[in-house]
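**Student:** Going line by line, the protein sequences match chains A and B. Numbered by the numbering used here, the letters in the first sequence go through residues 1 to 436 in order. Numbered by the numbering used here, the letters in the second sequence go through residues 1 to 725 in order.
Treat the hints as calculated values from the structure; they're not laboratory data. Hints are not guaranteed to be accurate.
If we take Cβ atoms under 7 Å as the criterion, some of the chain B residues that face chain A in the derived model are [as the list claims (entries may be wrong)]: (1) ARG5; (2) LEU12; (3) PHE13; (4) ALA17; (5) LEU18; (6) VAL30; (7) GLY32; (8) TYR35; (9) PHE236; (10) ARG238; (11) LEU240; (12) THR491; (13) SER492.
Values in this document were obtained by computation on a predicted structure and should not be read as measured data. Note that CB positions come from ideal geometry on N, CA and C, so glycine has one too.
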Amino acid sequence: MRRRTALLDLTAPGWLIVCCAALLATMGIATIWIADTAYKQGHDGPDNALKQLAILLGASVLGAGILKLGYRRIARLAYPFFFLSLLLLIPPILARTTHQTFGGLVPMVNGAYRWIRLPLFQLQPSEVMKIGMIFALACYLRYRRNYRTLKGLLLPVLGALVPLALILLEPDLGTAMLILPLVFVMLFMAGAKTSHLLGIAGVGLLLAPLAWSKMEGYQRMRITAVLLQSDAVRDAIRRQPQRYGFLASRREVEYWSRDSGYQLLRSKYAVGSGGLAGEGWGEGPFTEYALLPEGHNDFIFALLAHQWGWLGCAAVIAAYAGLVGAGAAVALATKEPFGRLVAVGIVAMLAMQAGLNVGMVTGLMPVTGVTLPLVSYGGCSLLINVVALAVLISISQHRPFLLANRPFNFALRSRRAIPLELAKPPREKTASETAA
Amino acid sequence: MFERRLRFLLVLFGAAALVLLARLLQLQVVQGEVYRQHVQDLLRGTRESLPFVRGGIFDRQGRPLVTDAPCWQIAVDYRVLSYDASRLRSCTTAYGLKRRYAALAPGVDPGAAFAAELDEMWRRLAEFGEADPAELRGRRDQIIARVRRIRELVAARAGYDDEVVEERSAHAVIRELGAERHVEARTLFQRYPWVHIQPATVRRYHDAEPLAHILGRLGPVDAGDLERDPQADDRFARYLPDERIGQLGAEKLLDASLRGRRGELVRDRNGDTVPEEYLPAENGEDARLTLRADLQQRLYDLFARIVPTYPDVSGGCAVVLSVDTRDVLACVSYPSYDPAMFQENFTQLRDDTARLPLVFRAGATQYAPGSIVKPLIGIAALAEGKLGLGATEHCAGYLFPETPDAPASKCWEIEGTGQRMHHGDVDVVAALRGSCNLFMYKVGERLGVREITAWFDRVGIGRPTGVGLAEEVSGINPTPAYLASRGLPLTSGYARAYAIGQGEISVTPLQAANLIACYAGGSFRPLRLKLGAPLAEAAPLPGSPAQWRAIREGMYEVVNHPSGTAHKYVSFADDGYVLCGKTGSATAPARPTLYAVPAEDEAGAADVFYVPAGSRADALQRFELAHPGWTAKTDEMAVVSTWPADPPPLPKRLSHAWFGGFLQPRGAGGEPDWSRAPRIAFAVLVEFGGSGGRVSGPVAAELSRVLLDTLGPDLDPDGAPPDAP
Numbered sequence: 001m002r003r004r005t006a007l008l009d010l011t012a013p014g015w016l017i018v019c020c021a022a023l024l025a026t027m028g029i030a031t032i033w034i035a036d037t038a039y040k041q042g043h044d045g046p047d048n049a050l051k052q053l054a055i056l057l058g059a060s061v062l063g064a065g066i067l068k069l070g071y072r073r074i075a076r077l078a079y080p081f082f083f084l085s086l087l088l089l090i091p092p093i094l095a096r097t098t099h100q101t102f103g104g105l106v107p108m109v110n111g112a113y114r115w116i117r118l119p120l121f122q123l124q125p126s127e128v129m130k131i132g133m134i135f136a137l138a139c140y141l142r143y144r145r146n147y148r149t150l151k152g153l154l155l156p157v158l159g160a161l162v163p164l165a166l167i168l169l170e171p172d173l174g175t176a177m178l179i180l181p182l183v184f185v186m187l188f189m190a191g192a193k194t195s196h197l198l199g200i201a202g203v204g205l206l207l208a209p210l211a212w213s214k215m216e217g218y219q220r221m222r223i224t225a226v227l228l229q230s231d232a233v234r235d236a237i238r239r240q241p242q243r244y245g246f247l248a249s250r251r252e253v254e255y256w257s258r259d260s261g262y263q264l265l266r267s268k269y270a271v272g273s274g275g276l277a278g279e280g281w282g283e284g285p286f287t288e289y290a291l292l293p294e295g296h297n298d299f300i301f302a303l304l305a306h307q308w309g310w311l312g313c314a315a316v317i318a319a320y321a322g323l324v325g326a327g328a329a330v331a332l333a334t335k336e337p338f339g340r341l342v343a344v345g346i347v348a349m350l351a352m353q354a355g356l357n358v359g360m361v362t363g364l365m366p367v368t369g370v371t372l373p374l375v376s377y378g379g380c381s382l383l384i385n386v387v388a389l390a391v392l393i394s395i396s397q398h399r400p401f402l403l404a405n406r407p408f409n410f411a412l413r414s415r416r417a418i419p420l421e422l423a424k425p426p427r428e429k430t431a432s433e434t435a436a
Numbered sequence: 001m002f003e004r005r006l007r008f009l010l011v012l013f014g015a016a017a018l019v020l021l022a023r024l025l026q027l028q029v030v031q032g033e034v035y036r037q038h039v040q041d042l043l044r045g046t047r048e049s050l051p052f053v054r055g056g057i058f059d060r061q062g063r064p065l066v067t068d069a070p071c072w073q074i075a076v077d078y079r080v081l082s083y084d085a086s087r088l089r090s091c092t093t094a095y096g097l098k099r100r101y102a103a104l105a106p107g108v109d110p111g112a113a114f115a116a117e118l119d120e121m122w123r124r125l126a127e128f129g130e131a132d133p134a135e136l137r138g139r140r141d142q143i144i145a146r147v148r149r150i151r152e153l154v155a156a157r158a159g160y161d162d163e164v165v166e167e168r169s170a171h172a173v174i175r176e177l178g179a180e181r182h183v184e185a186r187t188l189f190q191r192y193p194w195v196h197i198q199p200a201t202v203r204r205y206h207d208a209e210p211l212a213h214i215l216g217r218l219g220p221v222d223a224g225d226l227e228r229d230p231q232a233d234d235r236f237a238r239y240l241p242d243e244r245i246g247q248l249g250a251e252k253l254l255d256a257s258l259r260g261r262r263g264e265l266v267r268d269r270n271g272d273t274v275p276e277e278y279l280p281a282e283n284g285e286d287a288r289l290t291l292r293a294d295l296q297q298r299l300y301d302l303f304a305r306i307v308p309t310y311p312d313v314s315g316g317c318a319v320v321l322s323v324d325t326r327d328v329l330a331c332v333s334y335p336s337y338d339p340a341m342f343q344e345n346f347t348q349l350r351d352d353t354a355r356l357p358l359v360f361r362a363g364a365t366q367y368a369p370g371s372i373v374k375p376l377i378g379i380a381a382l383a384e385g386k387l388g389l390g391a392t393e394h395c396a397g398y399l400f401p402e403t404p405d406a407p408a409s410k411c412w413e414i415e416g417t418g419q420r421m422h423h424g425d426v427d428v429v430a431a432l433r434g435s436c437n438l439f440m441y442k443v444g445e446r447l448g449v450r451e452i453t454a455w456f457d458r459v460g461i462g463r464p465t466g467v468g469l470a471e472e473v474s475g476i477n478p479t480p481a482y483l484a485s486r487g488l489p490l491t492s493g494y495a496r497a498y499a500i501g502q503g504e505i506s507v508t509p510l511q512a513a514n515l516i517a518c519y520a521g522g523s524f525r526p527l528r529l530k531l532g533a534p535l536a537e538a539a540p541l542p543g544s545p546a547q548w549r550a551i552r553e554g555m556y557e558v559v560n561h562p563s564g565t566a567h568k569y570v571s572f573a574d575d576g577y578v579l580c581g582k583t584g585s586a587t588a589p590a591r592p593t594l595y596a597v598p599a600e601d602e603a604g605a606a607d608v609f610y611v612p613a614g615s616r617a618d619a620l621q622r623f624e625l626a627h628p629g630w631t632a633k634t635d636e637m638a639v640v641s642t643w644p645a646d647p648p649p650l651p652k653r654l655s656h657a658w659f660g661g662f663l664q665p666r667g668a669g670g671e672p673d674w675s676r677a678p679r680i681a682f683a684v685l686v687e688f689g690g691s692g693g694r695v696s697g698p699v700a701a702e703l704s705r706v707l708l709d710t711l712g713p714d715l716d717p718d719g720a721p722p723d724a725p
């Protein structure tokens with residue numbers, strides 16, 4: 001088995017991943033730069049953009065290190081890493097329950113405790129948890145098959161619920177909304193029975209009204225704010241407040257555009273006014289007058305859409321599609337079960353996070369604090385995503401096992417695995433290739 | 001299996017991507033123009049209301065009485081004005097305080113820095129406005145209280161409590177800055193983005209003390225005004241909650257035309273005006289009153305000279321009318337006040353219950369008319385055929401002998417002597433000349449209450465006069481229906497009382513003046529205060545010219561016959577006119593000025609409070625306002641002092657002195673020329689002046705001289721004074 005170890009000696013999916021990630025990160029930093037200069041009206045330099053760039057470079061170095069080491073060494077650290085992530089979730093929750101910041105170590109931002117302040121950058125434990133979860137789950141599932149029974153499925157699901165609950169306590173609804181589907185996708189891809197998964201999801205859905213009633217008012221408003229975009233819904237509540245009162249009160253409807261719908265409306269204005277080709281880099285009222293709060297952060301996609309229009313948006317989505325496609329190719333190519341599951345997990349994480357974020361910005365999803373991976377400002381998120389992509393590339397650089405069971409392929413009606421088969425031998429190099 | 005599931009997952013992701021792309025297509029391409037428009041609206045965010053200039057009020061010849069002058073005011077954003085720590089966040093976002101204090105040394109609390117800056121701002125404001133800091137705080141507290149009240153009202157109406165617009169707008173703290181101080185203010189307060197120097201207007205009065213009651217005043221809009229707003233649908237014309245509108249007098253009467261339409265200024269994010277959206281304010285229309293300001297001023301001066309010479313006289317009023325059009329040429333209520341200083345002097349003016357400077361005597365107070373109704377009874381009896389021209393009645397001084405249980409119906413007493421007049425056999429001319437009560441009793445009995453009150457109605461008693469002032473009262477016309485509603489029997493006693501202007505009947509001086517104008521012109525017409533308003537239809541009164549002439553001759557002899565009631569008090573000699581008139585005295589009780597109100601508080605402590613008030617009800621109301629928590633013992637309330645301070649013991653009575661007159665053109669021989677109609681009629685009332693002739697007569701003579709001086713020898717309401725350039 002041969003591994004490519006030279007830094008620039010990447011596989012085809014590897015190159016695709018690097019190109020797409022570079023495109024996304026460049027658009028992100030360019031937009032953060034504009035947001036910096038516009039929002040601070042020239043008082044400060046574009047320090048957020050520079051910080052982001054520095055972290056990108058640092059993360060790339062870390063990624064190169066991962067390529068050098070090879071992802072399989074990480075596999076050994078999967079469980080310790082998971083428990084470390086769990087531990088990291090503790091301080092924010094302590095801070096929230098005691099209302100202390102521990103000397104600024106765990107600052108409160110917008111009413112939530114999600115960060116741990118470190119000397120160089122702020123660590124977001126829930127972000128770390130996402131990747132920790134992928135590694136741990138892949139590690140747990142790689143040599144088993146008992147999760148094909150309902151009993152065996154319960155442990156990974158319950159195991160996932162622990163960090164989920166901790167993250168909900170912070171509170172970080174966005175990440176929580178992401179982790180649960182991520183676990184499901186990984187279980188699904190590992191071959192868990194669809195009926196079991198659907199059953200668990202069904203139980204979850206039955207509990208939804210209970211969760212709804214337990215939610216804080218502002219959390220509920222975030223969800224209803226999506227519905228209130230529609231004039232028809234607002235009219236209905238105005239006319240029959242008793243009947244639709246569970247959705248929102250009349251008062252909330254009246255003040256929707258200034259209150260819970262404010263961010264959403266502004267974001268839609270920014271996106272909509274971008275048009276087909278956009279206003280151009282650094283152009284347009286939204287970048288000039290800082291009309292959009294959180295424009296460098298969770299809502300960066302709106303500014304992006306404002307500057308580069310529908311074509312720019314299509315490019316961003318195409319870049320994510322490229323990442324997903326490359327990741328899927330990597331997952332297909334490898335026969336190493338851990339790598340295969342990790343690749344699927346990373347792909348699903350990126351795709352779902354991007355989808356949630358774009359859906360939120362365009363008013364299809366509730367406003368939750370989900371960042372646009374690789375684009376949004378945020379050191380921790382960027383670092384984690386670059387590391388994840390490096391792992392993906394590293395997986396692609398490992399030659400497939402010559403002799404291997406195709407993992408996670410279970411006969412539909414049998415508990416028996418498909419018998420061992422000979423993997424195809426690697427293709428001989430053609431004459432032209434040898435010459436080159 | 002893995003490949004299939006992966007394919008499924010990819011299809012799922014692909015579908016999601018397509019949905020997102022389609023959504024983006026919808027937002028950006030299909031609805032792009034709509035959103036672009038929204039953004040444009042967002043950019044021209046700040047709208048500023050431009051104030052209109054309220055129309056001025058002028059006299060009939062265009063002299064300014066009250067006008068609006070442009071000025072500037074310093075307003076402070078409510079969020080800063082009402083600063084408390086909980087509003088820091090709101091201020092932070094509104095005024096970028098984060099950015100403002102970003103350069104502060106680390107460890108300095110922005111909240112404390114902001115509070116210190118506010119202290120400095122208030123200090124500067126007080127210094128600049130030359131106001132006591134405590135006074136400025138008072139103004140601030142007033143604004144806060146008013147805004148809270150508005151919020152309560154809005155919450156009560158809407159059903160839920162929420163922030164009102166006033167809590168996000170700026171409120172004037174220092175008003176009425178001139179142009180040069182405005183520049184100073186700009187430089188001084190430039191550093192505070194929450195202090196706004198706004199254009200405004202100030203109501204400027206031009207020697208308006210004689211006109212204070214007629215002009216009325218502006219006051220803040222209250223909740224009721226907002227509900228009754230006639231232009232509630234026009235956002236440029238409707239009342240603003242902090243606007244001042246006409247609440248009394250001509251300001252209220254003419255409010256709709258005096259008010260203009262606000263303009264609007266739209267600024268883009270750079271603070272530049274958007275020219276396409278600039279809407280200039282439409283100023284209000286000027287209005288003219290029928291009054292002559294010069295005449296008004298001179299008559300006011302006349303009262304100011306005369307009233308203090310009588311110790312018992314608390315005030316007086318005079319109304320001058322044009323007989324043809326019934327234009328109100330002058331309408332003086334003395335004492336008055338300076339409307340420009342109304343706010344400052346309010347407490348003092350309100351508590352002056354002896355002189356009552358705030359009372360609009362000419363229109364808002366009603367008095368018994370006394371003998372000035374006698375000519376009306378005369379013409380009524382003549383016209384109704386109850387009396388022949390030249391027919392006489394005998395006056396023996398009393399109607400029937402006085403008995404202990406029946407009050408005597410007597411003729412009047414000669415003041416100070418206790419001696420009763422007995423006129424002997426008098427016809428209508430002689431009866432008016434001597435103001436014979438006995439004659440009027442007999443004629444009045446013949447006419448009866450029904451006829452008498454019908455004639456009262458013909459001359460407008462018991463109805464608004466037509467000037468249109470909201471504070472005007474209608475007087476009382478005691479018709480049979482009125483008596484019935486009070487449970488009073490319709491007896492001849494009432495007819496006798498009404499025939500000499502006593503009893504339930506009461507009139508305002510405006511109505512009295514119109515009554516005299518009816519004697520002079522022979523027809524009734526409502527009064528007119530707004531110049532240019534259509535003239536009301538004149539209603540001729542019954543009676544032949546000979547009968548009317550007899551009445552006017554009687555009034556001529558009152559002044560010019562040796563036995564006339566006013567002859568020895570009135571000396572008026574003019575080549576062109578003779579003064580005709582009728583004296584009257586309206587008995588009146590002394591007016592309370594101070595009440596003692598014994599009261600208890602919740603703890604049972606008792607005390608006596610002294611409340612300046614003109615009536616029991618007024619005293620109680622003021623007491624309850626001033627002393628919440630105390631309960632007045634209403635049956636123990638007592639009058640402490642009255643005006644006049646020492647009323648004479650009964651049976652002597654106090655009375656107001658009336659004189660109603662008109663200037664009759666004079667023929668070549670010095671006799672009145674009855675073929676020419678008099679042009680000017682007037683009524684004078686001197687409160688507690690005693691008998692009509694003695695006190696009001698000289699005022700009337702002076703007034704006639706002023707009339708000739710001011711209006712010129714033709715007594716033309718629009719005429720220039722003879723010596724005017």
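**Student:** Please go over all the hints and tell whether each is borne out by the structure.
**Tutor:** These are the hints, each one checked on the structure:
A cut of 7 Å between beta carbons decides the hint on ARG5(B): the least distance to chain A is about 6 Å, and the hint holds. Annotation: interface hint on LEU12(B) violated; nearest CB of chain A at approximately 9 Å, more than 7 Å. Taking 7 Å as the C-beta cut-off, the interface hint given for PHE13(B) holds, the closest approach to chain A being about 5 Å. Checking ALA17(B) against chain A: minimum C-beta separation of about 5 Å stays under 7 Å; hint holds.
With its C-beta approaching chain A no nearer than about 9 Å, LEU18(B) sits outside the 7 Å limit, and its interface hint is violated. Annotation: interface hint on VAL30(B) violated; nearest CB of chain A at approximately 9 Å, more than 7 Å. Because the closest C-beta pair between GLY32(B) and chain A is about 4 Å apart, less than 7 Å, the hint holds. Interface hint status for TYR35(B): upheld, as the beta-carbon distance to the closest one in chain A is roughly 3 Å, under 7 Å.
For PHE236(B), the interface hint is violated, the least distance from its beta-carbon to any beta-carbon of chain A being 24 Å, above 7 Å. Because the beta carbon of ARG238(B) sits about 21 Å from the nearest beta carbon in chain A, more than 7 Å, this interface hint is broken. Residue-level restraint check for LEU240(B) is violated (minimum Cβ-Cβ distance to chain A is 22 Å; threshold 7 Å). Restraint check, THR491(B) versus chain A: the minimum CB separation of about 66 Å is more than 7 Å; hint violated.
Annotation: SER492(B) was flagged as interfacial toward chain A, and the flag is violated, the nearest CB pair being 70 Å apart, outside 7 Å.
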